[in-house]
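Dock chain B against the given chain A, drawing on the hints supplied.
Number of protein chains: 2
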Amino acid sequence: MNSRNRFLAAVECRELDRPPVWFMRQAGRYLPEYRALKEKYSFTEMAQTPELAVEVTMQPLQRFPLDAAIVFSDILVIPEALGQPYYFKEEGGIGFRDRIEGSTDVARLDGSDVPGRLDYVADALRILRKELGEGRALLGFGGSPWTLATYMVEGGSPGNFERIKAMVHESAATFNDLMEKLTTATIDYFNMQVDAGVDAIQIFDSWGSAAQGNDYEQLSLQWIRRIIDGLNGRVPVILFAKGMAHHLDALSSTGAKVLSMDWTVDLSRAGRELPPDMAVQGNLDPVILNTLPEIAKKETRRIIESLSGRPGHIFNLGHGILPQARIECVEAMVAEVVG
Amino acid sequence: MNSRNRFLAAVECRELDRPPVWFMRQAGRYLPEYRALKEKYSFTEMAQTPELAVEVTMQPLQRFPLDAAIVFSDILVIPEALGQPYYFKEEGGIGFRDRIEGSTDVARLDGSDVPGRLDYVADALRILRKELGEGRALLGFGGSPWTLATYMVEGGSPGNFERIKAMVHESAATFNDLMEKLTTATIDYFNMQVDAGVDAIQIFDSWGSAAQGNDYEQLSLQWIRRIIDGLNGRVPVILFAKGMAHHLDALSSTGAKVLSMDWTVDLSRAGRELPPDMAVQGNLDPVILNTLPEIAKKETRRIIESLSGRPGHIFNLGHGILPQARIECVEAMVAEVVG
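Heads up: the sequence lines are chains A and B, in that order.
Using the working numbering, you'd call the opening residue of the first sequence number 3 and step up by one each time.
Using the working numbering, you'd call the opening residue of the second sequence number 3 and step up by one each time.
Among the clues, some could well be false.
Copies of the same chain are indistinguishable here, so a pair counts whether it falls within one copy or spans any two.
Within a straight-line C-alpha distance of at most 30 Å, the following computed BS3-like cross-link-like pairs (lysine-lysine) qualify [said to hold, decoys possible]:
#, residue 1, residue 2
1, 244, 259
2, 244, 300
3, 91, 244
These aren't lab readings, by the way, just hints derived from the structure by calculation.
A quick note: this is a predicted structure, and the numbers were derived from the prediction, not measured.
Only chain A is shown next, with the shape it has when bound in the complex:
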């Protein structure tokens, strides 16, 4: 069984001898070969030049026997394609030259040709599909409209979510228009990714925990549901909703085939509570990869065993790997999964 078939079988909750494995930010700063390339090119240059994006995407697959590649990009290409470019702040975090303050700014966002403006992602995906062949899975991704709107309205990495919440409560129509535009743009973008050959798409909902109580449905999940509907089942969707495991019922009703759990979740419990045809992805604490190989091995085993007997597990971290992660720990983790 090749990696791609293994990945898709896990998505379908079929029984497997071992889970497939990939991990969030697997192409990233913990890799010396990534840092070497990063000295020559900016993040934007790497993401927007298909050959470089492909090179970075493939780096972790050349080191570790991973079952899936995820295209090197950023969720904020959508605001950029709509006319609101972002940048990385010197001190860390995201900034925007202009933030979305009201209805005029929302009206100015131009969603007329999102796939055209993001064709460099499609180019990278097409090359990747060829390089990977049919043997390994290729993943696309994007942010949830709520998460994107938060960055755009806060004008960068959010603190207390004051501006986006003021918009939600004081200017509901403006908020709604913004969410409509983001949802449409994301549907176009994801369909472009499918056309370019991805096997699955992961939606990152990073800021759901800003929502009060079950406002989460209205603020975030309803738009995710529309995006998944807009894909018409062409590829399965993996939903990563950080900090939202107390909303499992709602999360399991979006049409996503896989729920990616952060490290705080007891997977055995999630496995019991979720519908049996919903797969679970996760969820090793990424900080474990900063410790020692034998600890990485032990904790990886514990995660796998917590779901034993429950088909439908894609091994992953509970959040993106940290730049300080040790290669030996990553090797130990992957080896423990792959056996």
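Leaving out everything else, chain B in the frame of chain A:
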């Protein structure tokens, strides 16, 4: 029915015409009278001078018809009493001159006279008990051992929790010794608070979401359980475990009488899932108090109604009030509860 009786009746899950109300950080920077005092005295001076601590504690009760006062202090007085003083960084957050790196540092922590070193808290509480009389409830508080250990080992406000997790996995005995010392110190401290007249104690477990899966029980809840046992039922305990609503089963088995929920939790669901003799505290999103009074009023009503028919609700915010909160919004919130 006076405020104190109302508060204690809510803790006991008795039926009431309206919930009692207080809120986290009610004595704080959003109040002009607090900021005025803060220009003359440092936080430490205010916390360590009983007359000033009493003045600050009483400020919100003079403005709003609140049912409870909570003594003005900080969870980090425990590390300080053990010999590891903290300070507030210029750029925000907490710092320590020395962090706990290993067993020698833990051995050096001196828990021989925690109540003696924190007698200024007892002094403030005794004055407050007199000022409040029997009419209003008086609350004490402290941090969970896990939360305190995190600050002490990280050397301040935690980022990725790398150091504390390295200790947990690589030096389990040292971690255990540290937790033992913090647990004993906290039991002594809480019993001192009860002797000085508090009606209830709130435990803040701010960093439970650092724990992987159900490690939360081992890393944090077992120590909280021991502290609650160590109080021998002298006063009820309120547990605030931020971001941990997906561990409701575990949270309801610590001996705490009240669970304080962050704003992301649907209270009606928490009310249904928790044992009927466990009260619920919360959980208005504090950012709502930065918007408009009519929004504060509407959202307050929504929270109250979400628990209607389920006795045992203490109205509160879902986290501490922000410095930018508007007094008019706080007034609207409290008026909506009190009627």
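Against the structure, the hints come out as follows:
1. For the identical chains of this complex, residue 244 and residue 259 are neighbours both inside a copy (17 Å) and across copies (29 Å), given an alpha-carbon limit of 30 Å.
2. For the identical chains of this complex, residue 244 and residue 300 are neighbours both inside a copy (24 Å) and across copies (28 Å), given an alpha-carbon limit of 30 Å.
3. Taking the closest pair of Cα atoms, residue 91 and residue 244 come within 30 Å of each other both inside a single copy (23 Å) and across two copies (29 Å).
Hint compliance for this structure: every hint is met.
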